[in-house]
Amino acid sequence: MLEMQVAAEKADAILEYCGTTDIWEILDKLEVLYSFDDYGSAGSGLKGYCTCFFGQFFISVNQNLPAYLQALIAWHELGHVILDAQQLKDGTCIGEYDPFHAVSHSETRANYFAAEGLIEDDAILELIQQGHSAAGVAACLKVPEAFVGYKVQILQEAGIPLFSTETPDAACLQADLTGMENF
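One gets this note's numbering by counting positions in the sequence shown from 1 and adding 19 to each.
Treat the hints as calculated values from the structure; they're not laboratory data. Hints are not guaranteed to be accurate.
Capping the alpha-carbon separation at 16 Å, the derived lysine to aspartate or glutamate pairs in EDC-like fashion look like this [what the hints assert, rightly or not]:
id, residue 1, residue 2
1, 48, 35
2, 29, 103
3, 29, 139
4, 161, 126
5, 161, 176
All chains, please: the whole structure from these sequences, using the hints.
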């Protein structure tokens, strides 16, 4: 749980320092270079990556992703920049092909960081209190369901008791009857 807390605290510190939740403004303020590049389809292509050249951090995001997923990927990659800076400087490759279903320690920490940076406490708490399932919360917030789980764990670790329903919930899907097809 310590790693989760460290990731969440660092994301909170960056949000406070930058005074915004807009990831692109945050990257600009932190002087992390970024670009949008064509890495294939949103469903099967590379989502993004980060690296370090001569001490300068760089994030690249697949331009074929919807804007909300581009922001999520940027948050995830910033998590690597913040939490794994020395590894990146040393040229160590950190990665899995599917950050939404991370199993490695580094990828999971970056996901906690992204969940804390991307999902506002009030927004998720309100949706949970309204009785939405994890899938419903994810649809409303336009994040993968796993990221709702990461955020719930962070909130629970902070002492906020949360209860969510496990039954399917389509309240947030509106016209999108297929759900979040890019996840």
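Now for the hints, and whether the structure bears them out:
| no. | hint | result |
| --- | --- | --- |
| 1 | 48 - 35 | 12 Å, holds |
| 2 | 29 - 103 | 12 Å, holds |
| 3 | 29 - 139 | 15 Å, holds |
| 4 | 161 - 126 | 20 Å, violated |
| 5 | 161 - 176 | 23 Å, violated |
Of the hints listed earlier, those the structure fails to meet are numbers 4 and 5, in rising order.
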